[in-house]
Amino acid sequence: DAGVIQSPRHEVTEMGQEVTLRCKPISGHNSLFWYRQTMMRGLELLIYFNNNVPIDDSGMPEDRFSAKMPNASFSTLKIQPSEPRDSAVYFCASRTFRTERENEQFFGPGTRLTVL
Amino acid sequence: EDQVTQSPEALRLQEGESSSLNCSYTVSGLRGLFWYRQDPGKGPEFLFTLYSAGEEKEKERLKATLTKKESFLHITAPKPEDSATYLCAVIIQGAQKLVFGQGTRLTINP
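Just so you know, the protein sequences line up as chains X and H, in that order. The working numbering puts the first sequence at residues 13 to 128. The working numbering puts the second sequence at residues 49 to 158.
Please keep in mind that the hints were generated in silico from the structure rather than gathered at the bench. Every residue gets a Cβ at the ideal spot worked out from N, C-alpha and C, and that includes glycine. Just so you know, not all the hints are guaranteed correct.
[To be verified] Straight-line C-alpha distance at most 25 Å; calculated DMTMM-like pairs for lysine to aspartate or glutamate:
1. X:Lys36 x X:Asp75
2. H:Lys116 x X:Asp75
3. H:Lys107 x H:Glu63
4. H:Lys117 x X:Glu116
[To be verified] Label-pair ranges, simulated between beta-carbon atoms:
5. X:Ile67 x H:Glu104: 25 to 35 Å
6. H:Tyr99 x X:Glu74: 30 to 40 Å
7. X:Thr50 x H:Ala143: 17 to 27 Å
8. H:Ala143 x X:Met52: 36 to 46 Å
9. H:Ser76 x X:Pro66: 22 to 32 Å
Using the sequences plus the hints, can you model the full thing?
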């Protein structure tokens, strides 16, 4: 298995521009998570989906952030308009959720976003 | 509020010098505790899951243990390739999301 795939790996943009991050989860996994990692705040959950349905978006910082999962093999995280404080590494993770004990999440390589 | 605290923030050891990393948690009903390893420029890599106090898991030079208040990641005779940031996370009853600690940055000098 190729693992969780994220693109792009690096993104540099200017303040006010729209940014779209992409994620392909591991095949067969039915939960998908978007995280943001910064030095100050560590790894924070933004939103997660079960079976393509958003379950908890309480971590999304503000309305400028939106996430979609149109099918089981693809998700996007969009920031519009972007601001310098959005600069961080964004991770996507996926998990199979067949039993109570299967909670391990598997992370992608991340997208390093820099907003100038 | 559910909280996960890792200590120390950073640890520098000589190759072969065993030590332990700590993860203490204050949560309203623990459903599982996870250890991840993160190398620079990469995503966290899953290591262990622990579900109940007294449980232990081992993998090569690493052993994770769990009590009702904390978890330890013991590293025995570490090698330079064990250098990484080690993250602890918990999942609580009634929830599906992980709450992460800030991590311990481990450096093993040859």
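Verification of the supplied hints:
no.	hint	in the structure
1	X:Lys36 x X:Asp75	holds (24 Å)
2	H:Lys116 x X:Asp75	violated (39 Å)
3	H:Lys107 x H:Glu63	holds (18 Å)
4	H:Lys117 x X:Glu116	holds (21 Å)
5	X:Ile67 x H:Glu104: 25 to 35 Å	holds (32 Å)
6	H:Tyr99 x X:Glu74: 30 to 40 Å	holds (36 Å)
7	X:Thr50 x H:Ala143: 17 to 27 Å	holds (23 Å)
8	H:Ala143 x X:Met52: 36 to 46 Å	violated (24 Å)
9	H:Ser76 x X:Pro66: 22 to 32 Å	holds (24 Å)
Going down the numbered hints, you'll see the structure goes against 2, 8, while the others check out.
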